[in-house]
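**Q** Same order as they appear, the protein sequences are chains A and B. Residue numbering for the first sequence follows the working numbering, beginning at 1 and increasing consecutively. Residue numbering for the second sequence follows the working numbering, beginning at 1 and increasing consecutively.
In short, the hints are calculated from the structure, not lab data. Hints are not guaranteed to be accurate.
In the DSBU-like style, the derived pairs of lysine-lysine whose C-alpha atoms are separated by at most 35 Å in a straight line are [claimed, not checked]:
#	chain 1	residue 1	chain 2	residue 2
1	B	K2	A	K48
2	A	K288	A	K318
3	B	K9	A	K155
4	B	K2	A	K394
5	A	K155	A	K184
Read off the chains here:
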Amino acid sequence: MGMNIVEKIMARSSGRSVVRPGDLVVVKVETAVLTDMAFIADHSDKLKLPKTLHDPDKVIIINDHITPPKDLATAEGVLRSRTFALKTGVRFHDIGANQGICHQVLADHAYALPGTVLVCGDSHSCSSGALNCCARGLGTTDILYTFCTGQTWFKVGETVRYEFTGELQKGVSAKDVFLYIAGKYGDHVNCNIEFGGPAADSFSLDARRTLSTMAAEVSVEFAVWEPNAQLAEYVKARNHRPFQMTYPDPDAAYLDVRAIELRPIEPYVALPDKVINNTVPVSQLGEKIKVDQCCVGSCANSTLEDLEAVAEILKGRKIADRVRFLVTPGSQLVYREAAKRGIINILIEAGCLLTPPTCGVCAGLNNGVLAGEEVCITATTRNFKGRMGSNSAKIYLGSPAVIAASAVTGHITDPRGFLEVNSK
Amino acid sequence: MKITGRVWKFEANINTDVIMPGFTQLLPPAERPQHAFSPNRPGWTKLVQIGDIIVADKNFGTGSSRPAARVLKDLGIGCLLAESINGLFFRNCVNEPFHALEVVGVIDAFQEGDVAEVDFDKATVTNTRTGQVLQGQVWPEALLKILNAGGIMSLLESEGLLGDDYI
Numbered sequence: 001m002g003m004n005i006v007e008k009i010m011a012r013s014s015g016r017s018v019v020r021p022g023d024l025v026v027v028k029v030e031t032a033v034l035t036d037m038a039f040i041a042d043h044s045d046k047l048k049l050p051k052t053l054h055d056p057d058k059v060i061i062i063n064d065h066i067t068p069p070k071d072l073a074t075a076e077g078v079l080r081s082r083t084f085a086l087k088t089g090v091r092f093h094d095i096g097a098n099q100g101i102c103h104q105v106l107a108d109h110a111y112a113l114p115g116t117v118l119v120c121g122d123s124h125s126c127s128s129g130a131l132n133c134c135a136r137g138l139g140t141t142d143i144l145y146t147f148c149t150g151q152t153w154f155k156v157g158e159t160v161r162y163e164f165t166g167e168l169q170k171g172v173s174a175k176d177v178f179l180y181i182a183g184k185y186g187d188h189v190n191c192n193i194e195f196g197g198p199a200a201d202s203f204s205l206d207a208r209r210t211l212s213t214m215a216a217e218v219s220v221e222f223a224v225w226e227p228n229a230q231l232a233e234y235v236k237a238r239n240h241r242p243f244q245m246t247y248p249d250p251d252a253a254y255l256d257v258r259a260i261e262l263r264p265i266e267p268y269v270a271l272p273d274k275v276i277n278n279t280v281p282v283s284q285l286g287e288k289i290k291v292d293q294c295c296v297g298s299c300a301n302s303t304l305e306d307l308e309a310v311a312e313i314l315k316g317r318k319i320a321d322r323v324r325f326l327v328t329p330g331s332q333l334v335y336r337e338a339a340k341r342g343i344i345n346i347l348i349e350a351g352c353l354l355t356p357p358t359c360g361v362c363a364g365l366n367n368g369v370l371a372g373e374e375v376c377i378t379a380t381t382r383n384f385k386g387r388m389g390s391n392s393a394k395i396y397l398g399s400p401a402v403i404a405a406s407a408v409t410g411h412i413t414d415p416r417g418f419l420e421v422n423s424k
Numbered sequence: 001m002k003i004t005g006r007v008w009k010f011e012a013n014i015n016t017d018v019i020m021p022g023f024t025q026l027l028p029p030a031e032r033p034q035h036a037f038s039p040n041r042p043g044w045t046k047l048v049q050i051g052d053i054i055v056a057d058k059n060f061g062t063g064s065s066r067p068a069a070r071v072l073k074d075l076g077i078g079c080l081l082a083e084s085i086n087g088l089f090f091r092n093c094v095n096e097p098f099h100a101l102e103v104v105g106v107i108d109a110f111q112e113g114d115v116a117e118v119d120f121d122k123a124t125v126t127n128t129r130t131g132q133v134l135q136g137q138v139w140p141e142a143l144l145k146i147l148n149a150g151g152i153m154s155l156l157e158s159e160g161l162l163g164d165d166y167i
């Protein structure tokens, strides 16, 4: 019996010929990442750090959570992060030309290498599965273990394979596909996801990242895509380190193989407070749901493609009165490219507020905090109670197109009507 | 190790943002536990006694990498028993260490206020009211080693790998 993608990467990284679900493997880590949050929050009173790094060449520090700092305490934390990075000489992304949300930065520079293991102190690290990388979020102390030893452990889980066929409707995106899956299939605790199938190539790297990132919300271990030729070109152009495109064996075993026909999928939203088994098509919402704040950003929806989707709807339109629309480009690189293409101008003219490329809005840390009873529709990662501010605020999740359409009308809106008008 | 405690029950898909609300990440660790579950169960932490046990449905701890397991440990929770536990949260339990077991059937086997007796190493759970015994997932040897070392930071420290802050 053959192996699927995760099993093959686990086998190669642990020096075994075969790995099966249930095995506890100790693996060599190719890339280990911490963000400013580790230095600000986790053990802020007594953070102990490695005396020496096992291999500084494999370590990256990215300031993205509360950068620039919002108060003295976070400023001290960010300073600890900066000092650690500069003293150890590791790859470091601080405010400047190449700063951004860590998972976007890992994609921008192809730091996440196909066929390797990556660990990062942020829970959405499965994002880099879009680059055919076994990537996973771990706690700060777990990452410090890797910094010291160059390795980590995994209990290999069963894998669910999603096979995409057909074509998405105009106005429907990877975020809707995820919300459809989360609503229909629920949690994937202790399991991996493998994405592939005849229509997999219709998902760009940006779109793949949305699905892999959001997989964290169904409690996945790894969320890995089958690679393609474009991925190899993309990585080679950005990172000279060796990598190994990893495909599943034809006779690989899966817990389940689920065919997803793309055509019938509509724009979806997740209703407030939880993602799992809590999503509905916008067309079935019934009543008009008025919104106070709209957001597009986070590691799930801050790519160039996401900003383009917003601009496509906002071009020549204005945001509704008394609605606030916060947009977060995923990185300075995405920001620059969006500016070059005229996207940023369209957003500003329509009335959007552009934020620094950080986690601030999504995690309610330093931007866009919600007051009591306010309603927010957001293309970010989580809708958990209290996440963006008040416990009585209501957070709906959707795609960038749904958020943009909702910002224009002032209530949660299916974007397909807007795009039909545009194309006439 | 044997753990005995009074049971509190929680539903499926409990997330880290309710266990450890975002704003508490910026508080000193000692001030975090009092806010546990404040979004969905305000006032609960005042009722908790040292050694109490959480019994939860599927997918406990979904969400962020924040040290939410530490919050439950510091609150005095003796053990977490859940139908299933989010993988990242479980690793944080191992690393603290905080006793946590996946036990299929546990959510139906207990009512709130029952007393659970846990033989942690064997992963067996007994309801003292009904006498029902459940078998959970035993921790692999490698993870018990981290538990017995007092957590991952203690393990690294005992091996001389940690230093002081770089400032």
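**Q** Hint check: K9/B vs K155/A, CA-CA at most 35 Å. Holds or violated?
**A** Holds, at about 27 Å.
**Q** Between the alpha carbons of K155/A and K184/A, is the straight-line distance 35 Å or under?
**A** Status holds; Cα separation ~26 Å.
**Q** Between K288/A and K318/A, does the CA-CA distance stay at or below 35 Å?
**A** Within the cut-off at roughly 20 Å; holds.
**Q** So if I understand the rule, the pair passes when the alpha-carbon distance is 35 Å or less; does K2/B with K48/A pass?
**A** holds, 31 Å
**Q** Going straight from one Cα to the other, do K2/B and K394/A come out at no more than 35 Å?
**A** violated, 42 Å
Going through the hint list in order, the structure does not satisfy hint 4, though it satisfies all others.
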